[in-house]
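> Sequence:
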Amino acid sequence: IEQQLEQRELAYAQKIKLLESKVTALKEQLNSERKRRLEVVERTAIVRRDPRELRSGLDDSVAPAIITFFTKTLSASC
Numbered sequence: 025i026e027q028q029l030e031q032r033e034l035a036y037a038q039k040i041k042l043l044e045s046k047v048t049a050l051k052e053q054l055n056s057e058r059k060r061r062l063e064v065v066e067r068t069a070i071v072r073r074d075p076r077e078l079r080s081g082l083d084d085s086v087a088p089a090i091i092t093f094f095t096k097t098l099s100a101s102c
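Sequential numbering of the sequence shown, starting at 25, is according to our numbering.
Keep in mind that the hints were calculated from the coordinates and are not lab data.
Don't take every hint at face value.
[Claimed, not checked] Straight-line alpha carbon distances no greater than 25 Å define the calculated BS3-like cross-link-like pairs of lysine-lysine that follow: (1) 39 x 51; (2) 51 x 41; (3) 46 x 59.
[Stated by the list, open to error] Just the calculated beta-carbon pair ranges, DEER-fashion: (4) 93 x 61: 44 to 54 Å; (5) 96 x 58: 51 to 61 Å; (6) 66 x 39: 34 to 44 Å; (7) 52 x 30: 26 to 36 Å.
We treat Cβ as the ideally placed atom computed from N, Cα and C, and that holds for glycine.
Please model the complete structure; the sequences and the hints are all you need to start from.
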């Protein structure tokens with residue numbers, strides 16, 4: 025009986041080590057997935073922000089050209 029108990033304890037200890045190893049692997053996988061998702065979110069935020077910045081920059085550079093164009097057009101028609 026004592027030998028059976030020792031074998032059972034050994035089997036439980038091995039199973040605990042196996043489960044702890046699986047938990048560690050899953051934690052590493054979760055951390056890796058979190059980092060990957062964070063990078064995707066950051067890239068998405070940059071992509072969403074860039075068109076707005078581009079439009080703002082274009083508005084600033086195009087506005088004087090439009091004003092000049094309409095000023096010349098109005099001057100020519102008068």
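> I'd like to know which numbered hints this structure contradicts. Please list them from smallest to largest.
none
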